[in-house]
Each structure stands twice: as structure tokens, then as C-alpha cells.
Amino acid sequence: MKSLAIAVAFAFAAGPALAIDFGRILDAGRQAVQSAQGSPTSKEFSQEDEVALGNALTASFLGASPLHPDAGLQRYVNRVGKWVALHSERADLPWTFSVIDTETINAFAMPGGSIIVSSGLLKRLNNEAELAGVLAHEIAHVVRKHQLTAIQSNMKADFWKSVGTSVAADRVKIGGGAVGSTVGNIAKPYILDAAGNVIKDGFFLRPLDRGLETDADQLAVVLATRAGYDPYGLAGALQMLAQYKGGGDAASLFSTHPSPTDRLADLERFMPTVEGHLKQPQLLEARFKQNVK
Amino acid sequence: MILRRLAIAFFLTLSAVAWGQEQAFTNRSTELKDRAAPDAATLKTLPENTEVKVTQRSGGWTRVDAGGQQGWVRVFHLRFPTTAQAAESGGGLGSLTSALGFGKQRSQTTTIATTGIRGLSPEDLKNASPDAAALAKAQSYRADKPTAERFARDGKLSEVKVDYQ
Numbered sequence: 001m002k003s004l005a006i007a008v009a010f011a012f013a014a015g016p017a018l019a020i021d022f023g024r025i026l027d028a029g030r031q032a033v034q035s036a037q038g039s040p041t042s043k044e045f046s047q048e049d050e051v052a053l054g055n056a057l058t059a060s061f062l063g064a065s066p067l068h069p070d071a072g073l074q075r076y077v078n079r080v081g082k083w084v085a086l087h088s089e090r091a092d093l094p095w096t097f098s099v100i101d102t103e104t105i106n107a108f109a110m111p112g113g114s115i116i117v118s119s120g121l122l123k124r125l126n127n128e129a130e131l132a133g134v135l136a137h138e139i140a141h142v143v144r145k146h147q148l149t150a151i152q153s154n155m156k157a158d159f160w161k162s163v164g165t166s167v168a169a170d171r172v173k174i175g176g177g178a179v180g181s182t183v184g185n186i187a188k189p190y191i192l193d194a195a196g197n198v199i200k201d202g203f204f205l206r207p208l209d210r211g212l213e214t215d216a217d218q219l220a221v222v223l224a225t226r227a228g229y230d231p232y233g234l235a236g237a238l239q240m241l242a243q244y245k246g247g248g249d250a251a252s253l254f255s256t257h258p259s260p261t262d263r264l265a266d267l268e269r270f271m272p273t274v275e276g277h278l279k280q281p282q283l284l285e286a287r288f289k290q291n292v293k
Numbered sequence: 294m295i296l297r298r299l300a301i302a303f304f305l306t307l308s309a310v311a312w313g314q315e316q317a318f319t320n321r322s323t324e325l326k327d328r329a330a331p332d333a334a335t336l337k338t339l340p341e342n343t344e345v346k347v348t349q350r351s352g353g354w355t356r357v358d359a360g361g362q363q364g365w366v367r368v369f370h371l372r373f374p375t376t377a378q379a380a381e382s383g384g385g386l387g388s389l390t391s392a393l394g395f396g397k398q399r400s401q402t403t404t405i406a407t408t409g410i411r412g413l414s415p416e417d418l419k420n421a422s423p424d425a426a427a428l429a430k431a432q433s434y435r436a437d438k439p440t441a442e443r444f445a446r447d448g449k450l451s452e453v454k455v456d457y458q
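Residue numbers (this note's numbering), protein chains in the order written: chain A, 1 to 293; chain B, 294 to 458.
The shape of chain B in the complex, shown without the other chains (with noise of 0.2 Å):
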């Protein structure tokens, strides 16, 4: 049991690593703009497929490192690596572990493993039993409507009417 929390502490660590991969391409060709914002200036086009680095998210925008030159493209046009390319040169299951990144970096993430990075086992969630005292905790921090009205003015959230089928 202890073995085996420890690999999966090993592969989330890993994908905790592959996470530090910033690397994406863009799916279109997109303006690469100087603010988050649809009316700002375009810095350049970018066609499609090339290789950006993601730097950070600020809603329907993603800011990135194409070439040197930094900037935002719409969120919906970047597609990140995928493990095709994996399943391609290795097949089957193999390459769902190479493409996690299994069998890589193992000095590393043996060193990570030991400091305790906790997950959560399909054992342990079938094996879950009822522990009432933590059920009391989380809904004592349940938010009351007032409790959720004023925190929304607080933040200048300001409701809009929009139906849904």
C-alpha cells in the first residue's frame, strides 16, 4: 500500500514537472495584441502552428512569449503538445507512460516523491468510510445568502440576466 502511494505520488510529481512545460502552438492564425483586450493593438500575426510559450491566463486571454516578442492571443486559439506524437512512435499503453513523462527524470522526482506530495488512491475513495466530524466542519463554512450578497457587492459583481435552455 505504501509502495503504491508512493508511485502515485511519483507520477503526479511528474505531471507536476511536465506542468512547468509551458510550450504551446497556436490552432489559427491570431493577432498577437499588446493588451487582454479584443481593441487593442496588434503587435503581429502569428499563423497557425506556431510555438509560443504560455506566460499567464487573464479570462478570454493568454499571454505568451512568441519569439521573444511578448503579447496576448484569445484562449481558444493556443492547442497545447499532445500525447499523439507519444502514441505514434511507441503505441499503445507503453506510450501513455513515456508520455507522462514515466521513466524521465527519475532522480528528480525521487527526491519530490520524499517530501510527501499527497494524492488521492481509486483505493481510497472505494474504501472511503463516513467521517461525520469533518461533514459538520465543511458545512460550517457554508456562506448564508446575506454572507454571499455582500461579498459579491465587495467585488463589484454585478448580475446579468442571460436564459439557458
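With the rest of the complex left out, here is chain A (with noise of 0.2 Å):
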């Protein structure tokens, strides 16, 4: 019995990336495709909640899970993610990269464009194009809104009467951090009682549904071919995840997410979109060797 309470931890804590993003069970998930494709309901948050709501998750994510030192690795990852954001179609959010120091190997999307990825993973890729690869499925997810919807499916009627009568000059103090910081400026009570709900229901740990992370993967290799990169990335990027975990999945016993080598399959059908507008696809193996060791 411990062991299977062990395996279970393992598989939620040590899931592969792209996979177990911060996201949302399988029902909410399925919500989120009919919300995305349906008509805009008047529960939804604008642009400058989104941005605060995925701060507020941010910060807690970094209170679990503190920032790698390296400031070299923090910026470059940065700017391959931002070069990439660039050419997706929410290129204006304030799009943040971090970097955590863990050997977990995982990538997160929060809502508004802060995404998280494991130095774990970092170690375990091989060129920049295989970075962009999945900075690129993270960025596709913010994009398509796909976290950001499961939470508002989720939310209660209260919640949203209180996001009506909330006043925007609100300021509030939350752990560990100083009045009028970052956090602090930008969030309203009921954001960071969202983030707080959100959190606590086990958000980051659940899985998005399989047709949403295909969707993620596709529109990742075109975000990825749009900014010059080999296309290929997010695939080696898939076969060092399916090598790892022994391709079988453990972790789909526990949770509903494709294994990488059912998505491996699925890009390879996908592949032949993008083949025929390639002009000099990079790897930069070399550059991305300098600044992830």
C-alpha cells in the first residue's frame, strides 16, 4: 500500500512535461474546447484578470518551487520563449519564462502567459529547437486558453458577483511579500482568492484532456516553424519523454493525458503541414549548450 502511495506521488510529481501541465481534469477540460468554440459567455475574465490570476499562481508556484540561480539560463530562456510567443497570436501578453530548479521533469502554463519549465527538463533536451519545441506546446496552451478556461468553467456564481462589485483600486498584502509588490499592485481580492482555490483544488497537478494537449502539440511545431526553428524539436523533445518514462506512461494508470508515444504518432500525421514551407530550419545545438549545462 505505501508503495502504490509512493507511485502515485511519483507519478503526479515526477510526470513528464507537456504532459501533466497545469491544467485541468478531463470533464473541464472537454468544457473548455465547447466554451472555446461556443459562444463567449459574460463569465469570462478580461485580458488584465488573466494576466493577475496567472501572477497570483506564479508566485505560489514559485513558493513551492524556488527559481534556478542561474541568471544567464533564466534570460535565454526567456528570449527563445519570447521570439517564439512573438509569432503566435497573443504575441502582446507579458510573456515570462521561469525557470525552477528541480529535477522534476515538467513544464507548466498559466493563464496570461507565465510559464514555468524544470531545469530537469532543461538538462535532458538537446538543442534549442527542441526548447522552442515545448516552450512553443506551453505558449499554445495560454494562447488557445486552454487552463484559463477550465478555471472559469469551474468557478461558482458567487465568485463572478464578486468579480462585478470588486473595485479596481484594491490593494492587498499576500504572503511573504511586501506591500505594493508585484503581486501585491496588480491583484484584485477575488484573483487571488481564485488563485487561491485553484491551488488548493490540486490545479497544478491535473492533466489536460488528450485533444487539448494534440492541439497544443500542433500549434506548437507552427509557433516553432513560424520562428525559424527546426519543427522537429517538440518531437526529440516527445522521444526523450518517452524514453525516459518507458514510453508505456506509468502515469496515464493515474490520469487521462496522452503518452508521448501516442503523441509522437499524432505529430508524425501532423508533420507534412509544416514540411513544405521550410526555409533553413535552425537546431542551435551549440547556443543552447553555452547556456544550459
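Read the hints as simulated data drawn from the structure, not as lab findings. This structure is a prediction, so every number in the text was calculated from the model and none was measured. Any given hint could turn out to be false.
[To be verified] Straight-line C-alpha distance at most 20 Å; calculated SDA-like pairs for lysine to any residue: (1) K337(B) with V347(B); (2) K161(A) with N197(A); (3) K419(B) with E442(B); (4) K454(B) with M271(A); (5) K145(A) with E44(A); (6) K449(B) with A71(A); (7) K326(B) with E344(B); (8) K430(B) with K161(A); (9) K326(B) with R372(B); (10) K326(B) with G361(B); (11) K156(A) with K200(A); (12) K454(B) with A91(A); (13) K438(B) with A71(A); (14) K454(B) with T273(A); (15) K438(B) with M271(A); (16) K454(B) with D92(A); (17) K123(A) with P66(A); (18) K200(A) with P415(B); (19) K454(B) with E275(A).
[Unchecked claim] Per the computed footprint, the stretches of chain A lying under chain B, defined by three or more beta-carbons under 8 Å from a beta-carbon of chain B, are: (20) 86-99; (21) 150-161; (22) 233-242.
By construction, the Cβ of each residue, glycine as well, lies at the ideal position given by its N, Cα and C atoms.
Dock chain to chain to rebuild the complex, using the hints, since each chain is given by itself in its own frame.
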């Protein structure tokens, strides 16, 4: 029994990057697709609130898992990510890429353009095109508002009432931060409430629906291609995951995310979409290895 | 809590050991090329289910050792050993743990676990309290548009127009 508990802990804690994204349960994921395709409801965050929510979630995440101390590495990952994000339909978001200092292999996308990637994942990648593919997958979730839509659909009526009555001038001090800190300045009480509930609900730990992951993989390949990277970078990263995890994907016993092997099969079918457009796609292995040690 | 963290570190370590196994199989008949390019010379044709050892990745190609012969195969033409066999032999969740290497190489992993490999537990993420200073620091590393454009030019990244529905 103990070993089962540990196995479950492992499945969640060290699930594959790009698979256990910060996300929602299966049903919420389906709702996200329906909501994204259907008519907009009034129960939606403004972009300002979306960014604030992402910041509050990021602050909490970094409270659990510290930033990697290498400033050069942080800036490098931000440059790769920003360049890719500039080729998305939400280029104007305040894109922020944070490397957390942990052996866990994972990557997370917060609403509003905050992406978190573990150093454990980075050091298993082989070149900048693979990094661009990984970041592009997370960027795609934000562009498609996968997590945001899931969060919105999970909020109760009372919450939206509080959004309506909240005063923009509200300032809140949150744990560990000084008054007037980055979070305090931008976060309204209802955003902090939402972030707190989302975290307690285990939001960081739940995978998205396979359809959303496939969508993010395909958009990621397009974004990386637009940015001039070798479009096979994401496939390379997935192969690493398949290799690392043993392909059969033990984590899928506990969650609904697709295995790297399934995702590779899906990607193979998609690659012809971009192949005709390539002109001198770059891998940038040397630059990657200078920056990721 | 400490025990739990150690247990997780233990598991991470085991999977790191598994990472060292570069065994793969061709998932179809495929050509072993002398370079990572479609127009490279074909060294030989590997039948489906040929066992290879992965040594490197490069874009859409994977470098392998196929029975002593080195060459490149397409990234999509490989599969990796799955936990399926373990599930068949053991069944249920017990096989999951064995597939992850639980119970094997105990002495080795105990040693590595004490060197302090850190993981991120579900509890860590559920009980996280916000660190505003860390957020501010993370945001200080952002790249602005001109910086990203300069970075792209340095890397000879040339933009491509591709639509997405």
C-alpha cells in the first residue's frame, strides 16, 4: 500500500513535461473545448485579470519550487520563449518564462503568459529547437486559453458576483511579499481568492484532456516553424520523454494525458502541414549547450 | 514528510537510472542513414522490431547503434520499451512499481537519494504559499521584443509564414 502511495506521488510529481501541465480534469477540459468553440459567456476574465491570475499562480508555484539561480539561464530561456511567443496570436501578453530548480521533469503554463519549466527537463533536451518546441507547446495552451477556460468554467456564480463588485483600486498584501510588491499591486482580492482555490483544488497537478494536448502540440509545431526553428524539436523532446518514461507511460494509469508515444504518432501525421514551408530551419545545438549546462 | 520526500527522491533516482537505458526498437522497416538528412546515403535497411541503442537526437533524426553499425533513423520510426510487458507479468499496480524499477538496485539508489535530488511533491504544490519576491525576480528576466529579435538574428532564425486553423 505504501508503495502504491509512492507510485501515485511519483506519477504526479514527476510526470512528463508537456503532459502533466497545470491544467484541469477531463470534464473541465472538454468544457474548455466547448466553451472555446461556442459562444462567449459573460463569465470570463478580462485579459488584465487573466494576467493577474497567472501572476498569482506563478507566485505560489515559486513559493513551492524556487527559481534556478542561474540568471543567464533564465534570460536565455526568456529569449527563446519570447521569440516563439511573438509568432503567436497573443504576442502582446507579458510573456515570462521561469526555470525552476528541480530534477522533476515538467513544464507548466499559467493563464496570461507565465510559463514554468524545470531545470530537470532542460538538461535532458539536446538543442534550442527542442526547447523552442517545449516552450511553444506551453505557449499554445496560453494562446488557446486552455487552462483559463477550465478555471472559468469551474468558478461558481458567487465568484462572478464578486468580480462584478470588486473595486480596481484594491490592494492586497499576500504572504511573504511586501505591500506594493508585484503581486500586491496588480492582484484584486477576487483574483487572489481564485488563485488560492485553484491551487488548493490541486490544479497544478491535473492533466488536460488529450484533445487539448494534441491541439497544443500541433500549434506548437506551427509556432516553432514560424520562428525559424527546426519543427521536429518538439518530436525530439517527446522522444526523450518516451525514452525516459519507458513509453508505456505509467502515469496514464492515474491520469488521462496521452503518452509521449501516442503524441509522437499524432505529430507524425501533422508534420506534412509545415514541411512545405521550411527555409533553413535551425537546431542551434551549440548555443543551447552554452546556456544550459 | 521527510520520509515522503526521500521516497519521492528515491523514485526520481530510479527513473534517472532508467533514463540510462537507451534501448529502442524500430516500429517499422526503416533506412539507416549515414547523416541526419533524407538525401543521405542509406547504410542498410533495418527491419521492423530491430533493437537499437539511441546515442543522439538531432531534429527529426535519431542516431542509433544498430548491432555495432552507427547511423541515423527518422525520429518517428522508433519505439521505446513499454511497461506493457511488466503489466502482463505482474498485473495491476504492483507491476507499475516494478516497471519503474522499484525494488531493484536498492543500494545504488539509496546512495544517490542521500545526495539530495530534489523533486516537487503534490503536497508542495497544493500547499504552496505565494512568493512575491520570486515572482518579481522571474519577471526581471523577461526579454523585450528588440532583445528577442536580436537574439533571433544572432541565431540566424528566419521567420516563416505558416497558417493554423
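Status of the hints after comparison with the structure:
Simply put, K337(B) and V347(B) have alpha-carbon atoms about 17 Å apart, close enough for the 20 Å limit, and the pair holds. Restraint check for K161(A) and N197(A): the C-alpha separation of about 16 Å stays at or below 20 Å, so the hint holds. About 38 Å separates the Cα atoms of K419(B) and E442(B), which puts this hinted pair outside 20 Å; it is violated. With a CA separation close to 15 Å, the supplied pair K454(B) and M271(A) stays within the 20 Å bound.
Annotation: proposed proximity of K145(A) to E44(A) holds, straight-line Cα distance about 11 Å (limit 20 Å). At roughly 24 Å between alpha-carbon atoms, K449(B) and A71(A) are farther apart than 20 Å, so this suggested pair is violated. In summary, the hint linking K326(B) to E344(B) is supported, as the alpha carbons are separated by about 16 Å, within the 20 Å threshold. Using a Cα cut-off of 20 Å, the hinted pair K430(B) and K161(A) is violated, with the two alpha carbons roughly 33 Å apart.
Restraint check for K326(B) and R372(B): satisfied, since their Cα atoms lie roughly 18 Å apart, inside the 20 Å limit. A threshold of 20 Å between alpha carbons decides the hint, and for K326(B) with G361(B) the separation of about 14 Å falls inside it, so the pair holds. Simply put, K156(A) and K200(A) have alpha-carbon atoms about 16 Å apart, close enough for the 20 Å limit, and the pair holds. Taking the CA atoms of K454(B) and A91(A), the gap is about 15 Å. The hint holds against a cut of 20 Å.
At roughly 19 Å between alpha-carbon atoms, K438(B) and A71(A) fall within 20 Å of each other, so this suggested pair holds. Restraint check: the Cα-Cα separation between K454(B) and T273(A) comes to about 12 Å, which is no more than 20 Å; the hinted pair holds. Distance check on the hinted pair: K438(B) and M271(A) sit about 28 Å apart at the alpha-carbon level, beyond 20 Å; violated. Annotation: proposed proximity of K454(B) to D92(A) holds, straight-line Cα distance about 19 Å (limit 20 Å).
Under the criterion of a C-alpha separation no larger than 20 Å, the hint pairing K123(A) with P66(A) is consistent with the structure, at around 17 Å. For a cut-off of 20 Å, the pair hint linking K200(A) to P415(B) stands: about 11 Å separates their Cα positions. Taking the CA atoms of K454(B) and E275(A), the gap is about 12 Å. The hint holds against a cut of 20 Å. Look at the stretch 86-99 of chain A against chain B: 7 of its residues bring a Cβ nearer than 8 Å to a Cβ of that chain, three or more, so the hint holds.
Check on the stretch 150-161 of chain A: 0 of its residues sit with their Cβ under 8 Å from a Cβ of chain B, so the three-residue criterion for coverage is violated. By the rule of at least three residues with a Cβ nearer than 8 Å to a Cβ of chain B, the coverage given for the stretch 233-242 of chain A holds, with 6 such residues.
Checked against the numbered hints given earlier, the structure breaks hints 3, 6, 8, 15, 21 and satisfies all the rest.
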